[in-house]
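Asks: Listed below are the residues making up each chain.
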Amino acid sequence: MDPYSAEGELINIHNHFHQGQYQEVVDFDTSALSPENTLPAKVLALRARVALGQAQDVLAEVQGASEPELRAVSALAELSLGNTDAAVKTIEELASSAGDNQIVQVLGGTVLGAAGKSEEAIALLSQHSGSLDAVALITQLHLQQHRTDLALKEVAGARKWAQDSLLVNLAESWVGLRLGGEKYQQAFYVFEELAQAPSTSSIVSLVSQAVCELHLGRVEEAQSALEQAVQKQPDYAEAIANLLVLTVAVGKDPTELTNSLKKVSPGHPFLADLEEKSELFDKAATKFSPKVSA
Amino acid sequence: MQASSGMLTKFESKSSRAKGIAFHPKRPWILVSLHSSTIQLWDYRMGTLIDRFEEHDGPVRGIDFHKTQPLFVSGGDDYKIKVWSYQTRRCLFTLNGHLDYVRTVFFHHELPWIISASDDQTIRIWNWQNRSLICTMTGHNHYVMCAQFHPKEDLVVSASLDQSVRVWDISGLRKKHSAPTSMSFEDQVARSNAQQTDMFGNTDAMVKFVLEGHDRGVNWVSFHPTAPHIVSAGDDRLVKLWRFSETKAWEVDTCRGHFQNASGCLFHPHQDLILSCGEDKTIRVWDSQKRTAVQSFKRENDRFWVIAAHPEINLFAAGHDNGVMVFKLERERPASTVHQNNLFFITKEKHVRSFDFQKNAESPTLLSLKRLGSAWVPPRTLSYNPAERSVLVTSPTDGGSYELINLPRDGSGALDATDSKRGQGNSAIFVARNRFAVLNTSTQTIDIKDLSNNTARSFKPPIGTTDIYFGGTGNLLIITPAAVHLYDIQQKKSIAELAVNGVKYVVWSNDGLHAALLSKHNVTIVTKTLEQVSTLHETIRIKSATWDDAGVLLYSTLNHIKYTLMNGDNGIVRTLDQTVYLVRVKGRNVYCLDRAAKPKVLHIDPTEYRFKLSLVKRNYEEMLHIIRTSSLVGQSIISYLQKKGYPEIALQFVQDPTTRFELAIECGNLDVAVEMARELDRPKLWSRLGTEALAHGNHQVVEMAYQKLKQFDKLSFLYLSTGDHSKLARMAKIAEHRGDFTARFQNALYLGEVEDRIQLFKEVDLYPLAYMTAKAHGLEEECQSILEVTGVTEDQLTTPKFGTASAPPKPVVPTYKANWPTKATSQSFFEKALAGQLEGMTLEEEPAAETNGFGLDDAADDGAVAKRSGALEADDDEDAAGWDLGDDIAPEADSDFVNVESAEAGGSGSSEADLWARNSPLAADHIAAGSFESAMNLLNRQVGAVNFAPLKSRFMEIYSASKTYLPASAGLPPLVNYVRRTLDETDPRKVLPLIPRDLEHLASNDLQQGYDTMKANKLEDGVRIFKGILHALLANAVSSESEVAEAKKLITSAGEYTVAMSIELARRKLGAPDTVNGNPELLKRSLELSAYFTIPKIEVPHRQLALLNAMNLASRSKNYSSALSFANRILANGGANRILESARRVKTQCERNPHDTVEIEYDQFAEFEICAASHTPIYSGTAYEECAFDGSKYHQKYKGTVCTVCEVCEVGKHGSGLKLFA
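Chains as they are written, first to last, in the working numbering: chain A, 595 to 888; chain B, 28 to 1249.
Same shape as in the complex, but just chain A:
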């Protein structure tokens, strides 16, 4: 039986992880789990710790481990520490030696995807057999490649065998945010449900909810949700980035937020992108000049 399914032992810890409740994952009591589920639970806990920024500790902990799962975790930790090449190397090794391991697939897909090797990541992930984690990752990678069509297909396929699972709902919402129209509202409902129920609420879902509201044009609501998120966790880059976008969208001055984003996450895609565009602007602007300079 799939331990992540509704009846499985890991359903709760797995859901915590994907709802972005990383602390709950770390604190999850794994003592009662059956032996075959201990390792997956441990991997989840380690991933949660990486997500919480404790990559260094995690790396130390899995140093020298021989299980492919833990080696994959170490690659993830390396990645989050910025050692992309090392991480990719580890994963490429693992992919050839233990490519059928579900955890290796998922972590490998994450590492490769984050390292910009989307094609490889998808190739690795598509070996999965009924893993929703893999489905979600594939969906996201497709979306990153702007292949909404393929993402949609992926989700629709998963929807058939995993009716109402959290990950399918999430993945569908991600796709929905690309499709727009009514789908915005549906995505909003998914995230709102997660964000507003105390047992599932996390900063991730709160920010996601706010993003939906922003797309729905409900700027006031989006703003209050984002401010709430920033208050909750002042160093959460996504909250700041989206709040920044929102501030610009309503025609206000974003300087302060830009500065705090620079402080929290200097390498955030928003900043990098803006930097790049700024150069592009300067370059493009030089092609034009008045006939007579004053």
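Calculated from the structure, these hints are not laboratory results. Since the model is a prediction, treat every value here as computed from it, not as a measurement. Misleading hints may appear alongside valid ones.
Using 16 Å as the maximum straight-line C-alpha spacing, the simulated EDC-like pairs for lysine to aspartate or glutamate come out as follows [as the list claims (entries may be wrong)]:
1. A:K871 to B:D941
2. B:K555 to B:D538
3. A:K846 to B:D1033
4. B:K735 to B:E706
5. B:K613 to A:E776
6. A:K881 to B:E960
7. A:K777 to B:D1011
8. B:K613 to B:D538
9. B:K979 to A:E869
10. A:K846 to B:D1025
11. B:K979 to A:E873
12. B:K979 to A:D847
13. A:K777 to B:E1012
14. B:K979 to A:D876
15. B:K487 to B:D515
16. B:K627 to B:D604
17. A:K777 to B:D1014
18. A:K885 to B:E1234
19. A:K877 to B:E960
20. A:K856 to A:D867
21. B:K1145 to B:E1186
22. A:K846 to B:E1027
23. B:K979 to A:E870
24. B:K979 to A:D867
25. A:K871 to B:E960
Chain A stretches covered by chain B per the calculated footprint, using a threshold of three residues with CB under 8 Å from any CB of chain B [said to hold, decoys possible]:
26. 664–675
27. 775–783
28. 803–814
29. 830–839
We put the CB at the ideal spot given by N, CA and C, even for glycine.
Dock chain B against chain A, hints included.
Replies: What follows is chain B alone, placed relative to chain A:
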């Protein structure tokens, strides 16, 4: 008694006296037997006579349909009983035996029996299968007027002029005839004969009860369908109700009211009602419990002879002296209303219930309306008020009444309405959350009432108002017999009127923009302002309608659900076996109420109308989706498409090569045409293809066609005109092979091959011509050899004078390598998508292809290959896309289909941002898409923008607001999503980005700030703000044409302010007042500038400030004349008293000495504008340059410089104009 409104006549026929009636149990048919010996078969729904059967001699009185077989039986005054087939339309056989008129005939409900009653005083039972008489029941001692089987039990009831009603037990007969028997035929005959003759020991049919009570003859009798009741009608004008048990029978009650012979009677199939008719020309309805009259219906001249009930549906028919009428007793349309996802309706039991479309669940009873109106009259309409959760119910009883009731919070069972408010009125509807309108047709008034039932206002509607409907906020739709009015409740007047006859219902679309007006046979679609959009006519009655979310109207007739699009296209969605009232369409489900007021869900296939809708809306993606996912291929669709002018789409459906060829030619799709022509390979097709291709300029296809047709001369000419030298040479060779000298000559001429020509002439012995040619080209040797061959010397010849030898011009461009610029064919998205299919592309990849098709400037979509490969490389404009011709072979059209590598899954797609740039010609959208360079190009083209540095912050602002970052899977970077301003749009070809600081924002924030700086005299800030506004508007998008005008106004205004403020700032820069006053030069300039400050067209209060400033400066410098003019202008403008006061003071002071001390360049009477660069006047009439964006004016010498106002555009560079709305 008055005819009640309850009875609704559905059909009437005109004929001679109708004596017998029978309903078909399933079809809308009625059989009528006439006194004139004819039997008619009517379709009462369509109102058409289907058939006539005339074989009886004399009146036909008895008639009945068989329940399941296509049979009917009739009995007439010719003593005959005839059994007919309505399929073969023939009488199958005749049962003879009665010795007098046959009064009634009926089929048994399950056995193959017929019962007949006759004036010969017998009742006979016949077996219609073996066509024999099986029982004769004797006992009545006068004419038997009616005899019927019991619907379930083995009983027969009969009525006779002997004043009795008899009940017979026929269980013996059933036993005898239906039990399996091993008796021989002879035995059976013997036995039946024996019993027939046995007068007293008759076990087949025994009289069970004799019911006596009528004191005249009894005309009709019938059983209750379920209960042990009998009703009879007699010449004593009474309708009697009887009851029986196993052992006895007795009279229950009498219904008195007919004042002439009662001729027919029956029990209502479902309700506790009795219907009777009589020679007093009335039909009467009685309550069978209370035995009181419920209603009656009177005809002027016709006596009623017979009445019949439909076995299943709520219909009755009565025969009278001049025909038949089919009617029902009450409206069956359940009162209902839809609010969001809930349907509220009133059941037959008069319970208010709701139905949730999402959960597909019916609520328990919310409210009981038993006490509303009379027991037998159902409520007519229901109006729901979501704010107060109350309902407004109207009922036609007592000349119309309404009731306002609050629904209980939780429907927990049948609650009787409490604290209801009621009143008189024919229609009552909610018009606002706390107001409702009540129409009283008799007094012709409409009252608007509040929720405590107090009349808030009252007015007279247009004459003849019959009904009212909600007409959008604050409006009513008022229905008169010939028109519909849109009535403004506040202004108490009709604001629009549309002539539509007999509107009965109004159905609003979900978005409230359109309404459907339903009349009996017409549907008229109108906008919310009552402008007619379309109208259609139905021969069958229209019952109800509801709107699809996409703006398709679905309506139901008696037997169909149909659709109509806004443009009037309509069609059938499905057939109905029973009438329903549509309330909602959602996807493939149609929700409706049936006549029993039960909510039902019907499944429909919306493909056809969705397809047509997407065709109308040109939503090709949707169409493509439909084509791919459903089997819509039908001749009707193809002809529809062709008719509607979409041959290219029809093309996709057609398999038949000939048709495909025709369509391909029609839509100019040469590729398909070529393919089909190849397949069919007929000269006629090739020649048509050649003509068409020539018209397109596609000479390669032309070439192929000519090749196929072996039109060598045309080919040669084609090669000549395309400059294909090598092919011409080959043509020459071919001509040589063919031995066709003319062709050879022609080719040689085309090729400019003189030797060839000479050779040719020689071959055909045309030496003179050969000589001439050689001579003309100066080929002396050749001349000599010719002379030698012919043995003639040059002196013997007289040659004309030669000019210069002509040689065919050499082609400059190798046209043959590619097609001429081909005629732009009607390339739809559609074809591309389907072409894409050939290349294994998925639908979702289409965006790239679409833009190629619909992009801004690819009118010339040349060459099949360019088109196809363009699907992948949108910008590929190399002309190498032309066909690479092989040497000898005709161009291979097929090669196009394979030369594009298939883009299988994987690889990156184009992001939404890319789409924005493709979807929009607006610079702002390109900026949001991150395509800065194209945005700059656009701005440069539109308004001559050249200096982009000041726009950088605006560019970055727009770009920053274009994307959000959605945290998705842990470990991966956030998912980027694109913020749209088109929130409801999902079509990737139409999505557009959000542009921050839109027009409204600018007008309500930045502009006000700008005004504030003016008032506060912070001009540096002001200039910055107004320039900011200009920059923000330069890269912006608005949502309508009218907003474009507003934006232009704002641009002009911001420009004027910038100029004005700059002038004043320039003045202040001249130096401190003391320095200026000390220097005449500066003083002059200062005065001039202060005067110019008053020129730009800024808001009047602000102009006053400028004028005040100028006036004060002028009067201080003793320039009284100027000061006077400023003062006059201030006074003319009016406004704040303080300013006017000082103006008056200055005026009086200046009028004493209206002279200027300092001569300045300011003519108060001249018309001029201010150059924004030099701040000097540009007098009207002199040439000037302006900024294409903000309209600021410059002296001509500033042409080519950057505009000082917007700081972006080049002065005097005229562009196509700023685009803010596409």
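Asks: Work down the list of hints and note, for each, if the structure agrees.
Replies: Hint check results:
1. A:K871 to B:D941: holds (15 Å)
2. B:K555 to B:D538: holds (10 Å)
3. A:K846 to B:D1033: holds (11 Å)
4. B:K735 to B:E706: Holds. K735 (chain B) to E706 (chain B) sits at ~13 Å (cutoff 16 Å).
5. B:K613 to A:E776: With a Cα-Cα distance of about 15 Å, the restraint between K613 (chain B) and E776 (chain A) holds, given a limit of 16 Å.
6. A:K881 to B:E960: holds (9 Å)
7. A:K777 to B:D1011: holds (9 Å)
8. B:K613 to B:D538: Cα-Cα ~14 Å, so holds.
9. B:K979 to A:E869: holds (12 Å)
10. A:K846 to B:D1025: holds (12 Å)
11. B:K979 to A:E873: holds (11 Å)
12. B:K979 to A:D847: The hint holds at about 15 Å.
13. A:K777 to B:E1012: holds (10 Å)
14. B:K979 to A:D876: Distance ~8 Å between K979 (chain B) and D876 (chain A) Cα, so the pair holds.
15. B:K487 to B:D515: Holds. K487 (chain B) to D515 (chain B) sits at ~12 Å (cutoff 16 Å).
16. B:K627 to B:D604: holds (13 Å)
17. A:K777 to B:D1014: holds (12 Å)
18. A:K885 to B:E1234: It holds: about 14 Å lies between the C-alpha atoms, which stays within 16 Å.
19. A:K877 to B:E960: With a Cα-Cα distance of about 9 Å, the restraint between K877 (chain A) and E960 (chain B) holds, given a limit of 16 Å.
20. A:K856 to A:D867: Status holds; Cα separation ~13 Å.
21. B:K1145 to B:E1186: holds (11 Å)
22. A:K846 to B:E1027: At roughly 14 Å apart (the allowed maximum being 16 Å), E1027 (chain B) and K846 (chain A) satisfy the hint.
23. B:K979 to A:E870: holds (13 Å)
24. B:K979 to A:D867: holds (15 Å)
25. A:K871 to B:E960: Given that 16 Å is the threshold and the Cα spacing comes to 11 Å, the pair holds.
26. 664–675: Three-residue rule met by the region 664–675 of chain A, so holds; n is 3.
27. 775–783: This one holds; 4 residues, not fewer than the three required, reach chain B with a Cβ under 8 Å.
28. 803–814: As far as the region 803–814 of chain A goes, the hint holds, because 5 residues have Cβ atoms under 8 Å from chain B.
29. 830–839: As far as the region 830–839 of chain A goes, the hint holds, because 5 residues have Cβ atoms under 8 Å from chain B.
In this structure, every one of the numbered hints holds.
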